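Asker: Below, each chain spelled out in residue letters.
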Amino acid sequence: MLKLILAIITGLVGAALLHLVIILALPYFSDRDAYTKVVAQGEAYRFHVIGNRPDNKGLVKDDPFLDVAVCSFDLTERPVRLTTHNGVPFWSLATFDAASNETFSINDRTAAASGLDVIIANPIQATALRKTMPASLMQSILVETRQMQGYAVLRVMAPQASYKPAAAAFLKDATCTPVAWK
Amino acid sequence: MVPSSLRKDDTLSVFRLPLFLALILAIAFGGGIWSTLVALNATVGFGAIKLGAWQAFPQAQTVDADPYAKAHRANAGRLLLGGAEGLRFTADVDESGERLNGNCTYAIIGKTPVARLWTLFASDRNDQPPSGNADLPLALNSRIILRERDGSFVVQVSSEAQAGNWLAVQPARSFRLTLTLLDTPTAGSSGLIDLSMPRVQKIGCGHA
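Chains as they are written, first to last, in my numbering: chain A, 79 to 260; chain V, 3 to 210.
If we strip away everything but chain V, and leave its shape as in the complex, we get (with noise of 0.2 Å):
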């Protein structure tokens, strides 16, 4: 006589492997397709210049560029400057880190690295950049731009009107900034740690 208990565990017992293979296979699969989609999202790859605030990948559309560069690539789908074209930095957040946003004001302050024109624009996360023919200045460069006696330049991001240079941005919207550098040297070399880009500062929050 074979006492109950015992019958039990043998029926649970054979729900146990296959349960086991069940979660195994959804831990892989779930954390593999999720981690390649969050790494996909977060970043362009690895060898990123940063200065500042700004961040650049002068290795991404070359043969040299990472697997994640070039998987990013792939999936972006997106038609790269090439070395002697230029080189683009992205911010997204400002000097002091936090993530730049509608509601406030920013200074763009000082000079860029050596380049003959560059261009500059804000998008939203999805990386969209505004159409050059707007009412509002959703785009400068470095044409239209009105600079200092010694050639620097403050540029005021906000989603209300400024002085002076102003780009306007969409409030209450984070937003990510692009600055391009048109025939540089800095695209081509590594030495870029030398070199400074204008700084992102924080001016305001709200209506104050």
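This is chain A alone, in the form it adopts within the complex (with noise of 0.2 Å):
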């Protein structure tokens, strides 16, 4: 009887540490993570609009009045240039790394009246376009992140229906492109 319940504990003991094995583990071996199912959406640097169902891929929007596409991106060679026009009730961005922790956020209000423009640079990179930004980039925001791997965000508002075209329109229109920068 006695090693019966020696017997339990021991499964008990074995059990809570499984749990935690998996809990911590899970991270590192999911294929069910945003990260690879926004990579799975297709080519990098290019916005994926994200549908009502559930996609083979498993990404979903998850809220009625909010348009979302999705871009991975990878900043080991270069850093990524996200930009939109304005002209939508509200838009948000943000960005992830490869472990979907956010790296960035922005929305209508915080940005430039001009829309969206972030450069998403790793350390480097970001040093070096300090000292010599080209003109063209002088308006953007600077992100820097030591995580080179990542996916942005971008979610639209269409509050009724008539928005629909405008909110399809600004996604459509939304850049993620790589940019020269030596």
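Since the hints were derived computationally from the structure, they do not count as laboratory data.
Heads up, some of the hints might be wrong.
[Claimed, not checked] Derived DEER-like restraints, expressed as beta-carbon distance ranges:
#1 GLY208/V <-> SER192/A: 51 to 57 Å
#2 GLY99/V <-> SER192/A: 46 to 52 Å
#3 PRO243/A <-> GLY166/V: 52 to 58 Å
#4 GLY99/V <-> ALA244/A: 39 to 45 Å
#5 ILE146/V <-> GLU121/A: 35 to 41 Å
#6 ARG118/V <-> SER214/A: 26 to 32 Å
#7 GLY112/V <-> THR188/A: 25 to 31 Å
#8 LYS242/A <-> ALA163/V: 22 to 28 Å
#9 VAL40/V <-> ARG208/A: 47 to 53 Å
#10 PRO256/A <-> SER98/V: 40 to 46 Å
#11 GLY112/V <-> ILE86/A: 47 to 53 Å
#12 MET226/A <-> ASN43/V: 29 to 35 Å
#13 VAL40/V <-> MET79/A: 25 to 31 Å
All values derive from a computational prediction rather than experimental measurement.
Glycine included, every Cβ here is placed at the ideal spot set by N, Cα and C.
Fit chain to chain and form the complex, with the hints in mind.
Answerer: As structure tokens, this is what we get:
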């Protein structure tokens, strides 16, 4: 009987250990995380619009009034520049690293009046850009991050059905392109 | 001459150690995997802000999120709202702590914390949001809602049509309310405790 109780306790300790191992290791092994799904959307450096229903990659827009587009990028070679124009009631952008940790976020009121213009760069690129900023990039917000891989999520609000075309055009015109830095 | 009972005991003890090992492994693997699945489904992590029936996880998308939040978000794979974008509140229960059910009518009364815009919708337990262009009012937002003179609002949540602001839900199913505050200073601060969310009150159940 004592051995049976000992066996059960040992089993429970093992269960607790396994629980901790799975919880701590899951972010490194998951193939269902947001970054994997965003990369699976298609080519990088392009905004992909997310649909109403889960696509075969598993991404779904999670608010009926917010249209969403995602873009994956890699800063190893070149920084990435994200731009849009204005003209919708609300838009917001968040960038994440490959572990889906937020690196930067902005909305239309915190951005300049002309719309979104953000450059995501790693520290070396950011230093080089600050030294010799090309005139065309003078207005851009420069965001420095140490995480090379990442993705951007652009949301736009269409509070009524009549805003849908404007929101769709907004996402269609959004760019996510690598820029020259040296 | 060995007594026969002792010999029987000997053959049993051969199986005893493997049996105990099997039991230990079954409890360890079964319990470990089961508890992990339960934990991942039950909660988005620690660090929730609770305001009445509503709860939000302002740290869930950051690097400071706890291991449970990180595991949950790696498993769920959803696109989370950044700090400057907004903050998402969900409610599974009403003010009295009872689970929200489509057979009952609820009233969401009051004001939201300071936010430029907000959206409200009901989803099923799988977190599948309604599509925006259905015939029924499955989702509301701050631009299309009718307000009282003082800026507060009353939203009737019911499977049957209501006067005023009506949020349609499926009958006879439990549901989850999601209220997303867009461009809100509450997302970045932990002083959220002083703020008030609208109350979720049960009006009645059935056709009474």
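Asker: Next, verify each hint and record whether it holds.
Answerer: Status of the hints after comparison with the structure:
1. Between GLY208/V and SER192/A the beta carbons are some 56 Å apart, a value that agrees with the proposed interval 51 to 57 Å.
2. For the hinted restraint 46 to 52 Å between GLY99/V and SER192/A, the CB-CB distance of approximately 49 Å keeps it satisfied.
3. Distance hint check: the CB atoms of PRO243/A and GLY166/V are about 29 Å apart, inconsistent with the given range 52 to 58 Å.
4. The hinted window of 39 to 45 Å between GLY99/V and ALA244/A holds, with their beta carbons roughly 42 Å apart.
5. Checked against the hint of 35 to 41 Å, the pair ILE146/V and GLU121/A passes, with Cβ atoms roughly 37 Å apart.
6. Checked against the hint of 26 to 32 Å, the pair ARG118/V and SER214/A passes, with Cβ atoms roughly 31 Å apart.
7. GLY112/V and THR188/A have their C-beta atoms about 28 Å apart, which keeps the hinted 25 to 31 Å range intact.
8. At about 25 Å, the beta-carbon gap between LYS242/A and ALA163/V stays in the expected band of 22 to 28 Å.
9. Between VAL40/V and ARG208/A the CB atoms are about 49 Å apart, so this pair conforms to the stated range of 47 to 53 Å.
10. Judged by the Cβ atoms, the range 40 to 46 Å given for PRO256/A and SER98/V is violated: they are separated by roughly 55 Å.
11. Distance hint check for GLY112/V and ILE86/A: the Cβ-Cβ separation is about 50 Å, which falls inside the suggested range of 47 to 53 Å.
12. Taken as a hint, the range 29 to 35 Å holds for the pair MET226/A and ASN43/V, whose Cβ atoms sit roughly 33 Å apart.
13. Range check, VAL40/V to MET79/A: Cβ separation about 30 Å, and the 25 to 31 Å hint holds.
Violated hints, listed in ascending order, are 3 and 10; each of the other numbered hints is respected by the structure.
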